[in-house]
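*Asks:* Sequence:
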Amino acid sequence: DIFPEYYLLKVRNFKDLAKNPLDEWIYFLKNSDIKAEFSAKGIAEAKEALRVNNLSEQERAAYERYLNNKRDEASMLSTQELETKWQVEQAEIRGIEKGIQQGKQEGIQQGKKEEKIAIARSCREQGLDVETIMNITQLSRQEIESI
Numbered sequence: 129d130i131f132p133e134y135y136l137l138k139v140r141n142f143k144d145l146a147k148n149p150l151d152e153w154i155y156f157l158k159n160s161d162i163k164a165e166f167s168a169k170g171i172a173e174a175k176e177a178l179r180v181n182n183l184s185e186q187e188r189a190a191y192e193r194y195l196n197n198k199r200d201e202a203s204m205l206s207t208q209e210l211e212t213k214w215q216v217e218q219a220e221i222r223g224i225e226k227g228i229q230q231g232k233q234e235g236i237q238q239g240k241k242e243e244k245i246a247i248a249r250s251c252r253e254q255g256l257d258v259e260t261i262m263n264i265t266q267l268s269r270q271e272i273e274s275i
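Residue numbers for the sequence shown, in the working numbering: 129 to 275.
These aren't lab readings, by the way, just hints derived from the structure by calculation.
Any given hint could turn out to be false.
[Unchecked claim] No more than 25 Å apart at the CA atoms, straight line, and that leaves these computed lysine to any residue pairs for SDA-like:
id: 1; residue 1: Lys158; residue 2: Ala168
id: 2; residue 1: Lys226; residue 2: Gln215
id: 3; residue 1: Lys169; residue 2: Asn197
id: 4; residue 1: Lys241; residue 2: Glu273
id: 5; residue 1: Lys169; residue 2: Asn182
id: 6; residue 1: Lys175; residue 2: Asp161
id: 7; residue 1: Lys241; residue 2: Leu267
id: 8; residue 1: Lys163; residue 2: Trp153
id: 9; residue 1: Lys169; residue 2: Leu145
The model shown is predicted, which means the values in this text are computed figures rather than measured ones.
I would like the entire structure built from these sequences, with the hints used as guidance.
*Replies:* This is how it looks when you write it as structure tokens:
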């Protein structure tokens, strides 16, 4: 169907009795009024537009300023939320990096300690005295004697 169909609504012939959603819209178009019991799709938005349209010029300008302020507030809150989320993500990344670095340092220290113990073990097997092993490895007497 490439040819559109058009319908002409004779609003003047409408009897002001809304039985269905289409009748509610015709009533609105004819009377520039929306009854409280109307529930057609989009009728609430039309009611708000009608209310704003019926405001005085000064009231409408104040209403527009109010809406602009509300949009600005929503935008600022959204921006703050995004910035906070980004800052949290960056802090998590820095924390992970710091944890990795700290883990590497602990691993290096553990490796050095194990190397000293291996050297001390080798020195004991070769018959060196505890004092000499302490000077070579910088381990305590207890650590060397427990090997």
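*Asks:* State the violated hints by number, sorted upward, taking the hints as numbered earlier in the document.
*Replies:* 3
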